[in-house]
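As given, the protein sequences belong to chains A and B, one line each in that order.
First residue of the first sequence: 1, per full-length UniProt numbering; consecutive thereafter.
First residue of the second sequence: 1, per full-length UniProt numbering; consecutive thereafter.
Calculated directly from the structure, the hints in this document are not laboratory data.
Some hints could be false.
Just so you know, same-sequence chains aren't split out, so a pair can sit in one copy or run between any two.
[Claimed, not checked] Derived BS3-like pairs: lysine-lysine, alpha-carbon spacing no greater than 30 Å straight-line:
#, residue 1, residue 2
1, Lys416, Lys118
2, Lys36, Lys47
3, Lys271, Lys118
4, Lys416, Lys47
5, Lys123, Lys271
6, Lys123, Lys36
7, Lys36, Lys118
8, Lys182, Lys123
9, Lys182, Lys36
10, Lys182, Lys416
11, Lys271, Lys47
12, Lys182, Lys118
13, Lys416, Lys123
14, Lys47, Lys118
15, Lys416, Lys36
Treat the numbers as computed from the prediction; the structure is a model and nothing was measured.
There are 2 protein chains.
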Amino acid sequence: MTQTLRLGIAGLGTVGAAVVGMVARRAEALAASGRKVTVTAVSARDKSRDRGLDLSGFTWFDDPVALARSGDIDVFVELVGGADGPAKAAVEAAIASGKHVVTANKALLARHGAALAKAAEEKGVALAYEASVAGGIPVIKAIREGLAGNAVARVYGILNGTCNYILSRMEAEGLTFEACLKDAQALGYAEADPTFDVEGFDTAHKLAILTSLAFGVEIDADGVSVEGISAIQPLDLTMADELGYRIKLLGVAQATEAGIEQRVHPTMVAKASAIAQVMGVTNAVTVDADAVGELTLIGPGAGGKATASAVVADIADVAAGVLRPTFGRPVAALSAPRRVEMQRHEGGYYIRLTVHDRTGVAAGVATRMAEAGISIESIVQRRSAKAASSDPQGLSGQPVPLVLITYAATEGTVRKALSAIDGDGLLAEAPQLIRIERE
Amino acid sequence: MTQTLRLGIAGLGTVGAAVVGMVARRAEALAASGRKVTVTAVSARDKSRDRGLDLSGFTWFDDPVALARSGDIDVFVELVGGADGPAKAAVEAAIASGKHVVTANKALLARHGAALAKAAEEKGVALAYEASVAGGIPVIKAIREGLAGNAVARVYGILNGTCNYILSRMEAEGLTFEACLKDAQALGYAEADPTFDVEGFDTAHKLAILTSLAFGVEIDADGVSVEGISAIQPLDLTMADELGYRIKLLGVAQATEAGIEQRVHPTMVAKASAIAQVMGVTNAVTVDADAVGELTLIGPGAGGKATASAVVADIADVAAGVLRPTFGRPVAALSAPRRVEMQRHEGGYYIRLTVHDRTGVAAGVATRMAEAGISIESIVQRRSAKAASSDPQGLSGQPVPLVLITYAATEGTVRKALSAIDGDGLLAEAPQLIRIERE
Chain A
1 MTQTLRLGIA GLGTVGAAVV GMVARRAEAL AASGRKVTVT AVSARDKSRD RGLDLSGFTW
61 FDDPVALARS GDIDVFVELV GGADGPAKAA VEAAIASGKH VVTANKALLA RHGAALAKAA
121 EEKGVALAYE ASVAGGIPVI KAIREGLAGN AVARVYGILN GTCNYILSRM EAEGLTFEAC
181 LKDAQALGYA EADPTFDVEG FDTAHKLAIL TSLAFGVEID ADGVSVEGIS AIQPLDLTMA
241 DELGYRIKLL GVAQATEAGI EQRVHPTMVA KASAIAQVMG VTNAVTVDAD AVGELTLIGP
301 GAGGKATASA VVADIADVAA GVLRPTFGRP VAALSAPRRV EMQRHEGGYY IRLTVHDRTG
361 VAAGVATRMA EAGISIESIV QRRSAKAASS DPQGLSGQPV PLVLITYAAT EGTVRKALSA
421 IDGDGLLAEA PQLIRIERE
Chain B
1 MTQTLRLGIA GLGTVGAAVV GMVARRAEAL AASGRKVTVT AVSARDKSRD RGLDLSGFTW
61 FDDPVALARS GDIDVFVELV GGADGPAKAA VEAAIASGKH VVTANKALLA RHGAALAKAA
121 EEKGVALAYE ASVAGGIPVI KAIREGLAGN AVARVYGILN GTCNYILSRM EAEGLTFEAC
181 LKDAQALGYA EADPTFDVEG FDTAHKLAIL TSLAFGVEID ADGVSVEGIS AIQPLDLTMA
241 DELGYRIKLL GVAQATEAGI EQRVHPTMVA KASAIAQVMG VTNAVTVDAD AVGELTLIGP
301 GAGGKATASA VVADIADVAA GVLRPTFGRP VAALSAPRRV EMQRHEGGYY IRLTVHDRTG
361 VAAGVATRMA EAGISIESIV QRRSAKAASS DPQGLSGQPV PLVLITYAAT EGTVRKALSA
421 IDGDGLLAEA PQLIRIERE
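Chain A on its own, in the form it takes in the complex:
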């Protein structure tokens, strides 16, 4: 009979508390699938805080690093958070003292994943991180193991519930970004300082992890091009709807001849696609791979219980004696990342111009696009009912929206054309540019 696997849990917030409960509740199933699992020690900032947990059976550590080094644990479960500071120190200490590590910390992985993976490899311990990407969706396992026979061409997903909640509400209720953000904050879906979520940095961290795993390259979080959703206007969602799209904040990693594009940006996705159906705080990941074609996973991206589900899945793997290379292959076998500049990205574009409502403006825009070699799939010019009634002949030159959908073009070309249009004095406001992602 193998010995019981002893867990030390650092961080007793909603996820940590849920892990403690889940390990107890699923004790029989965990034992049946591999080995008995038990929590022996815990660490958190404040021992006295009431978490609704009976901690009397666990050894308490004030310092997560001391817990990580404790001889009474086999697995260090890091739920402290943060790319540096105590989380990093504790994970390093755990690996150095031969403990397996299970973490939900995307920032830590994105910043220090390669070095930590190397250390874990040298010590022969697991560094498992299913909970760091897309919460309860077992996407790390699906890519690393379920698609082992595949070469991945592209992986993309809705990786941030806050953004998807905001965009879903903006679309459903015609509200502004600011109004929806406020609601998201009131509901606890967004932080007091929402920058990290709404400007796309959280998605970028998660994407960098998926990229490393899916393409077998060293993690390169700084190589992700990042654009958030704060500039999206209700009109963009209305136009998207009319044109057969929805707007989602996607993280996309795509193999190209020049290297691997890593980009996070608001994206037009076809309304009939699986990913377009994903509303609210739900997450989704789609993988395009040579053998399987398209695989999509949809589920909860956050929340104590869902995240704990992923943490416990990693624990169960350790209990079953599974030890896999952190990013699917030994660190030495990961390729160096080759960054691809956004200017070289090729795809369809939604371009919303705000033009002066004058004769010949649409023709002027179309000419500049044609000069740049950009083909237009759709063009929509619409004046408000009010403008139409007060100025029936369109003589005022007031600002009106002009929306273009392009066929595939490079971002560099598109930006050059927009700059020419701006130079012609046709624009009343800076253009809105949203990339289209095809299935």
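Model the placement of chain B on the given structure of chain A, informed by the hints.
Coordinates of chain B only, in the frame set by chain A:
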């Protein structure tokens, strides 16, 4: 350095040929993630057939059982098919001689899974079957490993691409079942004898496997209540659309107080649900579990390359030294199945009656439903334009459809009410009854 893992592949149809190619193409990645993998021996019915494969490097066996016993292989890959006969004999022989087994054979698993799992367990070898359910979707891995921390409440899915193709076409083009079946046969999506697919038996086999895994019970394929799609009429799809539903053939396994319901039947699913978006030959599986909430996986359910993807994922697990209990826990720890009769199923129902177009018919139907304690959510009575113009006052008593959507009721109650309605002489044809599955 661990030794190369040697595969013997029995069955060289589209899947087998794709596995041979994939193992060669992914050699470097497979070696990096665990251990070198190579095909050493193969078996098929006809050695001379041109498969576009160079077989000269492999030892040829006419008899899959002899291949299974060969000392030159470590893993026996069974792609022969069929619940009994050579597939069963060869898998038994492989296990008996200490070989790991990877199979895509749902019928074999559904019929003999428990006995084979026991034999594999006693010999300490893997019995892996990712490819047997939902083709390229790594659903076995997701449930067994990714949801290890969860108690599953329900698992349901579109598990047969043929049926989903037929229903998708019927819906999109208003065609009959028969017309779409013919097209499916012409396209190679349906067999010459389509019974196994369209009457739900294929889905039932796959469901039985998912049930065992998700609920930790012994496999019980005979306990699945099965109803196919051949009685679905274009009018049902039109009415579904009007009422906010789509019709899908689902396999559903659900924990109830009485035991685990296992049922395969045409099902009304809400149009906005993730599973309703799944069109054509694509498969999808949704798991409802206590921690993760709802998790949905969507991908290719069949095809040589997609199925080979799942086979190679299992091979990669063996190569990585992973050995898990076949159904997630040792056979001795699986519970005995408690079957639940369909009569006890509780849910919403779509009931399409063909009634004589006479005054008071709707009232008569509604009264019988009320007597049975069944609440009606919607009721739609519609006469054709032709009938309305030829008989504007509704005096002819000609057959017209009357569609009811009920709130949750037990199947026994619904059938009793329908029988009373029939007894009243209100029905011109047998009623159509389609179960509603809520998210």
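*Please work out whether the CA atoms of Lys47 and Lys118 approach to 30 Å or closer within one copy, between two copies, in both situations, or in neither?*
neither (34 Å within a copy, 47 Å between copies)
*Evaluate Lys416 and Lys118 at a C-alpha cut-off of 30 Å and name the case that applies: within, between, both or neither.*
This pair counts as neither: shortest intra-copy Cα distance 43 Å, inter-copy 67 Å.
*Under a CA distance limit of 30 Å, which applies to Lys123 and Lys36: within one copy, between copies, both, or neither?*
both (23 Å within a copy, 22 Å between copies)
*Could you place Lys182 and Lys123 in one of the four classes (within, between, both, neither) given a Cα distance threshold of 30 Å?*
Answer is neither; intra-copy 46 Å and inter-copy 60 Å both fail.
*Go through the copies and call it for Lys36 and Lys47: within, between, both or neither, with a Cα cutoff of 30 Å.*
Within one copy only: 27 Å inside a chain, 49 Å across chains, cut-off 30 Å.
_At most 30 Å between CA atoms: does that hold for Lys123 and Lys271 within a copy, between copies, both, or neither?_
This pair counts as neither: shortest intra-copy Cα distance 48 Å, inter-copy 51 Å.
*asked:* My question is about Lys416 and Lys123: at a cut-off of 30 Å on alpha-carbon distance, are they close within one copy, between copies, both, or neither?
replied: neither (52 Å within a copy, 67 Å between copies)
_Copy assignment of Lys416 with Lys47, given that the CA separation must stay at most 30 Å_ = The answer is neither: 59 Å in one copy and 61 Å across copies each exceed 30 Å.
*asked:* With identical chains, the pair Lys416 and Lys36 could be close in the same copy or across copies; at 30 Å between alpha carbons, which is it: within, between, both, or neither?
replied: Neither. Shortest intra-copy (62 Å) and inter-copy (50 Å) distances fail the 30 Å Cα cut-off.
*Have a look at Lys182 and Lys36 and pick one of within, between, both or neither, based on CA distance no larger than 30 Å.*
Neither: 45 Å inside a copy, 54 Å across copies.
*First find the shortest C-alpha distance between Lys182 and Lys416 inside one copy, then the shortest across copies, and answer within, between, both or neither for a cut-off of 30 Å.*
neither (36 Å within a copy, 53 Å between copies)
*Same-copy or cross-copy closeness of Lys271 to Lys47 [CA-CA at most 30 Å]*: neither (49 Å within a copy, 49 Å between copies)
The earlier numbered hints that this structure contradicts are 1, 3, 4, 5, 8, 9, 10, 11, 12, 13, 14 and 15.
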